[in-house]
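Fit chains V, F, L, W, B, U, E, H and Z to the given chain D structure using the hints.
Chains as they are written, first to last, in the working numbering: chain D, 1 to 123; chain V, 1 to 123; chain F, 1 to 123; chain L, 1 to 123; chain W, 1 to 123; chain B, 1 to 123; chain U, 1 to 123; chain E, 1 to 123; chain H, 1 to 123; chain Z, 1 to 123.
Calculated directly from the structure, the hints in this document are not laboratory data.
Treat the hints with caution; some may be incorrect.
Unchecked claim - Computed beta-carbon distance windows for the label pairs:
| no. | chain 1 | residue 1 | chain 2 | residue 2 | range |
| --- | --- | --- | --- | --- | --- |
| 1 | F | P123 | D | T15 | 45 to 51 Å |
| 2 | V | S2 | D | R81 | 30 to 36 Å |
| 3 | W | R81 | V | S2 | 54 to 60 Å |
Stated by the list, open to error - No farther apart than 16 Å at their CA atoms in a straight line, the calculated lysine to aspartate or glutamate pairs in the EDC-like style are these:
| no. | chain 1 | residue 1 | chain 2 | residue 2 |
| --- | --- | --- | --- | --- |
| 4 | E | K40 | L | D89 |
| 5 | L | K40 | W | E61 |
| 6 | L | K66 | L | D24 |
| 7 | B | K40 | H | E61 |
| 8 | F | K40 | V | E61 |
| 9 | Z | K40 | U | E80 |
| 10 | D | K40 | Z | E28 |
| 11 | H | K63 | H | E14 |
| 12 | U | K40 | U | D88 |
| 13 | U | K40 | F | E61 |
| 14 | V | K63 | V | E118 |
| 15 | V | K40 | D | D56 |
| 16 | V | K40 | V | E80 |
| 17 | W | K40 | B | E28 |
| 18 | B | K66 | B | D24 |
| 19 | E | K63 | E | E28 |
| 20 | H | K40 | E | E61 |
| 21 | W | K66 | W | E118 |
What the hints assert, rightly or not - Which residues of chain B face chain U? A partial, calculated answer using Cβ under 8 Å:
| no. | residue |
| --- | --- |
| 22 | T6 |
| 23 | P44 |
| 24 | F46 |
| 25 | T50 |
| 26 | T52 |
| 27 | R100 |
| 28 | E102 |
Note that beta-carbon positions come from the ideal geometry of N, C-alpha and C, so glycine has one too.
Protein chains: 10
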Amino acid sequence: MSVSLTDPSRATLETFENPFPSRDYMIETICPEFTSLCPKTGQPDFGTLTITYIPDRMCFELKSLKLYLQQYRNHGAFYERVTNLILDDLVAVTAPRWMRIEAAFTPRGGIRSTITVEHGRRP
Amino acid sequence: MSVSLTDPSRATLETFENPFPSRDYMIETICPEFTSLCPKTGQPDFGTLTITYIPDRMCFELKSLKLYLQQYRNHGAFYERVTNLILDDLVAVTAPRWMRIEAAFTPRGGIRSTITVEHGRRP
Amino acid sequence: MSVSLTDPSRATLETFENPFPSRDYMIETICPEFTSLCPKTGQPDFGTLTITYIPDRMCFELKSLKLYLQQYRNHGAFYERVTNLILDDLVAVTAPRWMRIEAAFTPRGGIRSTITVEHGRRP
Amino acid sequence: MSVSLTDPSRATLETFENPFPSRDYMIETICPEFTSLCPKTGQPDFGTLTITYIPDRMCFELKSLKLYLQQYRNHGAFYERVTNLILDDLVAVTAPRWMRIEAAFTPRGGIRSTITVEHGRRP
Amino acid sequence: MSVSLTDPSRATLETFENPFPSRDYMIETICPEFTSLCPKTGQPDFGTLTITYIPDRMCFELKSLKLYLQQYRNHGAFYERVTNLILDDLVAVTAPRWMRIEAAFTPRGGIRSTITVEHGRRP
Amino acid sequence: MSVSLTDPSRATLETFENPFPSRDYMIETICPEFTSLCPKTGQPDFGTLTITYIPDRMCFELKSLKLYLQQYRNHGAFYERVTNLILDDLVAVTAPRWMRIEAAFTPRGGIRSTITVEHGRRP
Amino acid sequence: MSVSLTDPSRATLETFENPFPSRDYMIETICPEFTSLCPKTGQPDFGTLTITYIPDRMCFELKSLKLYLQQYRNHGAFYERVTNLILDDLVAVTAPRWMRIEAAFTPRGGIRSTITVEHGRRP
Amino acid sequence: MSVSLTDPSRATLETFENPFPSRDYMIETICPEFTSLCPKTGQPDFGTLTITYIPDRMCFELKSLKLYLQQYRNHGAFYERVTNLILDDLVAVTAPRWMRIEAAFTPRGGIRSTITVEHGRRP
Amino acid sequence: MSVSLTDPSRATLETFENPFPSRDYMIETICPEFTSLCPKTGQPDFGTLTITYIPDRMCFELKSLKLYLQQYRNHGAFYERVTNLILDDLVAVTAPRWMRIEAAFTPRGGIRSTITVEHGRRP
Amino acid sequence: MSVSLTDPSRATLETFENPFPSRDYMIETICPEFTSLCPKTGQPDFGTLTITYIPDRMCFELKSLKLYLQQYRNHGAFYERVTNLILDDLVAVTAPRWMRIEAAFTPRGGIRSTITVEHGRRP
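Okay, chain D solo, but in the shape it has when bound:
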């Protein structure tokens, strides 16, 4: 399987204005169909991303999130790097009051890993 090493572009991500910016509220989005490639072996990895945030002025649009995540399908990166990259991209386009991403990968060699990264302090 040919592995792309160029980082996916955050330009695909679209946003819309938070309809209730006066209130702190939470949006949790669960994406159980995330897949990328291992940069060492070229083998596919599979995981479930749970993105939780308190929007400030902007929310990300769900269909554009799906297309953004599909860029990882033939992209090679380790678990830790992938999860931190996605957080950086989502923070860059929405500038949230708080955001957390939990990425739970399926077992390899009888071992499975979950990476949890956070931006800001939960109010």
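Using the frame of chain D, we list chains V, F, L, W, B, U, E, H and Z on its own:
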């Protein structure tokens, strides 16, 4: 499917007097049969609302809550707006000491979202 | 169904001395077979009561609790009132350091409710 | 809620040619977001349809099935009638070797029902 | 608790015409809120009834089934007798092609029982 | 722990007349609190018995079943023998049309066993 | 069933030296096969003990714990007393930095209880 | 996403000799990480394949199966075609006594499908 | 990890006389702690064996079964061979009326397999 | 089974540089296939390790972790010692900001234990 864009009316909501106003206690109401329409595509959305509150002087009546929520059946609004609107309406008619609404929607395009909004500070 | 509106009597409740009053400890009692009547329609309601407390000098006896709760079988009262009444009765006979009752009722019209009431502050 | 009593039209259903007609094989399609109205009370009903069939020359297309089922959203019919109607429509457009529909509705008044209808004999 | 020993009356049960008598199909109705009294001790019993049948000319109406079953609330009878009685009554008013009732009672003294009775032979 | 090796007596088992002998029907009784002793080591064994039968003229009474099974509490016997003995005793006192006992024991040394014995042929 | 009322002896409990006393760490031991007798009726009670502690200089040995708990098999005591007694005995032999016992008993008369006792303050 | 329409090659599949050809026995292989593309929209599909067979002279090797299935990652085909193709390829290389493939795809538009295809008659 | 290729010896297996040879009955033994080595890579495999049989004159003893299975701990063999070998050994020492072994292995590379082998015909 | 008493070597553990050292984030790794030997009886123990940490400059590599843990396969040590040893080794090679290991072992004699050890204070 023809989509109504007029906001549902909170006039349908009936209340009764809190029988134990001297005590802080919690009421949780789970409505797994909530449905509305996507304002962009006209396609139905489905979700489970969990409404939790500490009543002050008034409680909402369950049958009138059901009828109020049924107004969203042919109404078009995005997840974030719907959840905040319902919170505003329930707060307006019951003026609770604290209230939280969690709206968990079913998957679309392999992605599902839950919106959690809160009024006041949980004692 | 003929509905009784006289409140059940707490006289049925028996107690025994707490065998370890020097220690704060917790007793949780789960009663999944609670049933009462709706005072408006006469229709039966069903629920699960979870009673949790830290006893002071007295504990309630389980068989007498069962008989006390059976008095609600043909008694008419709304969810909120029933739950607060039972807390008042159990507090009156045991004077606990802390007590909480969670009453989870089965769905009606696609909606289900849970009432949680508390006496004192959990140490 | 205004209730339509005209039967939904099977004209919305689209089909495609069975790619492997030489082999008896089974297709199971689960639709957990079915909703219609009670013709007596106008109240919404909710259910999960499980459609299983062995195609002959034609298969039904999934997006058109979704649109066909959405016609029931404001349509009034009892459980038994709805389930048999949908079977008649799907049989009319696909002429399958065998088909079964199981419709599991959510509880009303503490009681829930499942209707199972079948066309032809499972080979 | 005062125990009635007169058998409930099947007169409460209402029926409607089977809308598709030309087809053998199955109706399963689950009633998790059944309760009766033990004729020996007067103590309440609780169970879940699952009624499955292939209607011939008549179906039973669900609301009238609920009222019929509520007659057992203060009625005293053993598990085996209750289950057979209900089958006899439902068969008498609907004359089905086949019917089965499974009654699963909650534990007493660490032991729980399920009674399954059948009328006719499943086609 | 002192182990008794005398077989429990079936004299404790009480029966009552089958109220509907004209109909073949099934009674399933689940006893999750069975315990006996290992005759070799004196260590306790724990298991769940599921007794299923079609009564002929007699049914066994549940409270007497509980007392009968309690005789095994300090009795020593291997899994296979215990299960066959109980079947023999229940068949001797009820002479059923058919009976099956499934005894599922908890793990020992990382291994768990279930013994299933049957009397007669299921109609 | 003959009920012994002499309290079990803690002399059966053996200990070993904590191999890492320099570190606060937690040991949780789950015993789902606990059984004792009701001192009033002589009937067996069944429960699951969860013992959690932070050892100081000594840990209890698991096989000796099993033998210690088996002394309750023919011993009569109420739930609250049994749970507090076991805590006292385990604290006496191990002098832990913190210990908690949760004893979850199986249902009797449709009601089940869990007793939670604690020694010291969890660091 | 660029969609390949050339069918994956069965040449990747490796086999080994059935070590016990004298005995009919069953091998079930579950692959929860199958993914392909929709030929119409280019969007990814995800599913779980359960392959069950009775080998004759040859078994397929698991690592080569994984590589064979990865060829579908950027390949476009509808559910029904994909499932039948995989069966044809596995039958071609192993010539089993019997084989069945069940392909359960994740929900799209609130609807999910499972395709089951079979080769030969299960002995 | 050094891999032994000599087959484990069935001499470890002990048997006892079937106490009820006059009756066909079933014994199911579940061993969730089976482990062996992959002969190619030397990596450990893990699985759950479910052994079900109808004994004739002999039953296998559970402790000796545990010791027999532990011989596979450092033994190298593929799934299919291991499962058939164990069946051959157990059949050789007990000569049962019927026996089946189901071996469910944990996932490797996202794929998991279950092998089911049978001796004789289930009566 | 021959039991090795030499402690496994941490030299097998490989690390890589934390790609995002500027951010506190959490890595959870679950290893359900851990096995060692009891030093007293030589019998195998089985457990699930959950390793959670906040990396500082180094992360441990997953394949090397698997090989490190496999050294325990024929190694004899008690639960408490094994868990603390593994923590010491992982802390020695990664010097994390915080680390916790939870080791949940399978039941022995009807009793199961979980050991939880921690290094540093969770930020």
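Hint check:
1. P123/F - T15/D: 45 to 51 Å: holds (48 Å)
2. S2/V - R81/D: 30 to 36 Å: Violated - the Cβ-Cβ distance for S2/V and R81/D, about 48 Å, lies outside 30 to 36 Å.
3. R81/W - S2/V: 54 to 60 Å: holds (56 Å)
4. K40/E - D89/L: Distance ~26 Å between K40/E and D89/L Cα, so the pair is violated.
5. K40/L - E61/W: Given that 16 Å is the threshold and the Cα spacing comes to 13 Å, the pair holds.
6. K66/L - D24/L: Not OK: K66/L and D24/L at ~25 Å, beyond 16 Å, violated.
7. K40/B - E61/H: The hint holds at about 13 Å.
8. K40/F - E61/V: holds (13 Å)
9. K40/Z - E80/U: With Cα atoms ~36 Å apart, K40/Z and E80/U exceed 16 Å; violated.
10. K40/D - E28/Z: violated (21 Å)
11. K63/H - E14/H: Judged against 16 Å, a Cα distance of about 9 Å means the pair holds.
12. K40/U - D88/U: Violated, at about 23 Å.
13. K40/U - E61/F: holds (13 Å)
14. K63/V - E118/V: Measuring from Cα to Cα gives roughly 23 Å; hence the hint is violated.
15. K40/V - D56/D: Violated, because 23 Å separates the two Cα atoms, which is more than 16 Å.
16. K40/V - E80/V: Status holds; Cα separation ~14 Å.
17. K40/W - E28/B: violated (21 Å)
18. K66/B - D24/B: violated (25 Å)
19. K63/E - E28/E: holds (15 Å)
20. K40/H - E61/E: Roughly 13 Å separates the two Cα atoms, so the pair holds.
21. K66/W - E118/W: The given pair, whose Cα atoms are some 21 Å apart, is violated under the 16 Å limit.
22. T6: violated (16 Å)
23. P44: Nearest chain U Cβ about 7 Å off; hint holds.
24. F46: Hint on F46/B: holds, closest Cβ of chain U at ~5 Å, below 8 Å.
25. T50: Violated. Min distance 17 Å.
26. T52: violated (22 Å)
27. R100: violated (24 Å)
28. E102: violated (19 Å)
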